[in-house]
Amino acid sequence: MESILNKIQYWYEQHFARPEEEPIKLADPNFHHHKIITYGADLRNLELPLEERAKAALNIGLLTYTGGISAAMVAVDYIHSMIDILTIPDTSSRVRIPLLKGLSCLCYINYVNQDVAKEFHLTDVILACLDEDEDSPAMKLELLNVKFWACYLMTIICCNNIPCIKLFQDSGGQMLQDRLEELCNKDWFGWPKNYADVMFGLFGYQKKVKPKRKSLAKNPEKQKKSPA
Numbered sequence: 000m001e002s003i004l005n006k007i008q009y010w011y012e013q014h015f016a017r018p019e020e021e022p023i024k025l026a027d028p029n030f031h032h033h034k035i036i037t038y039g040a041d042l043r044n045l046e047l048p049l050e051e052r053a054k055a056a057l058n059i060g061l062l063t064y065t066g067g068i069s070a071a072m073v074a075v076d077y078i079h080s081m082i083d084i085l086t087i088p089d090t091s092s093r094v095r096i097p098l099l100k101g102l103s104c105l106c107y108i109n110y111v112n113q114d115v116a117k118e119f120h121l122t123d124v125i126l127a128c129l130d131e132d133e134d135s136p137a138m139k140l141e142l143l144n145v146k147f148w149a150c151y152l153m154t155i156i157c158c159n160n161i162p163c164i165k166l167f168q169d170s171g172g173q174m175l176q177d178r179l180e181e182l183c184n185k186d187w188f189g190w191p192k193n194y195a196d197v198m199f200g201l202f203g204y205q206k207k208v209k210p211k212r213k214s215l216a217k218n219p220e221k222q223k224k225s226p227a
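Each residue of the sequence shown is one higher than the last, beginning at 0 in numbering that gives the first Met the number 0.
Hints may be right or wrong, so weigh each one.
The list that follows gives simulated cross-link-like pairs (lysine-lysine, DSS-like), each with its CA atoms no further than 27 Å apart [what the hints assert, rightly or not]:
#1 Lys206 to Lys192
#2 Lys165 to Lys207
#3 Lys185 to Lys100
#4 Lys117 to Lys192
#5 Lys185 to Lys206
#6 Lys185 to Lys139
Think of the hints as simulated: they come from the structure by calculation, not from any bench. Everything numeric in this text was worked out from a predicted model, so none of it was measured.
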């Protein structure tokens with residue numbers, strides 16, 4: 000019986016068992032590169048659910064943020080794929096927020112990646128996010144979180160990048176000013192800053208002054224004298 004089992008095991012190993020991959024050492028300088036490429040394959044895998052692909056985008060961003068310039072040079076090839084998913088209609092916040100986070104990490108203090116993102120029309124995608132409206136209260140809250148992350152990403156790609164600032168101003172126009180002013184008045188609880196307010200000031204916008212109500216006090220000189 001034992002010999003039969005051994006033969007079955009040998010036959011299985013020859014035909015089905017996959018050779019084990021050599022484990023990657025954390026100290027290996029190519030660790031980040033290998034993981035970025037692995038997650039990049041998931042990002043571009045059209046058979047995976049969008050949420051799984053979005054998680055892969057977030058992981059690419061985190062690896063880029065911690066891996067330095069060399070990791071960013073590898074990750075830049077996946078910016079286009081991330082932006083493409085963001086343009087898919089009716090995607091949920093569970094898809095869009097990880098993508099916005101991943102792009103924020105990719106573009107953080109990296110002018111090359113910022114310019115690549117601009118070439119693939121990331122500015123238009125962010126403006127479209129800010130200009131969305133929802134009727135349902137639950138969807139409004141979900142969309143608000145997307146807009147918060149869109150504002151944060153906007154600060155990242157506009158940091159010391161005058162061409163991006165001008166592009167947002169020219170493309171966004173009055174809509175951008177109005178939407179940012181609306182978001183300035185929202186509760187940014189849990190965020191280190193109100194990034195809508197940061198961008199509102201960076202673009203040089205002036206907040207609208209609400210007209211003061213006219214005083215109801217009557218002019219004493221015009222008051223009629225009471226009858227004696």
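Against the structure, the hints come out as follows:
no. : hint             : result
1   : Lys206 to Lys192 : holds (18 Å)
2   : Lys165 to Lys207 : holds (22 Å)
3   : Lys185 to Lys100 : holds (20 Å)
4   : Lys117 to Lys192 : holds (24 Å)
5   : Lys185 to Lys206 : holds (15 Å)
6   : Lys185 to Lys139 : holds (12 Å)
Checked against the numbered hints above, the structure breaks none of them.
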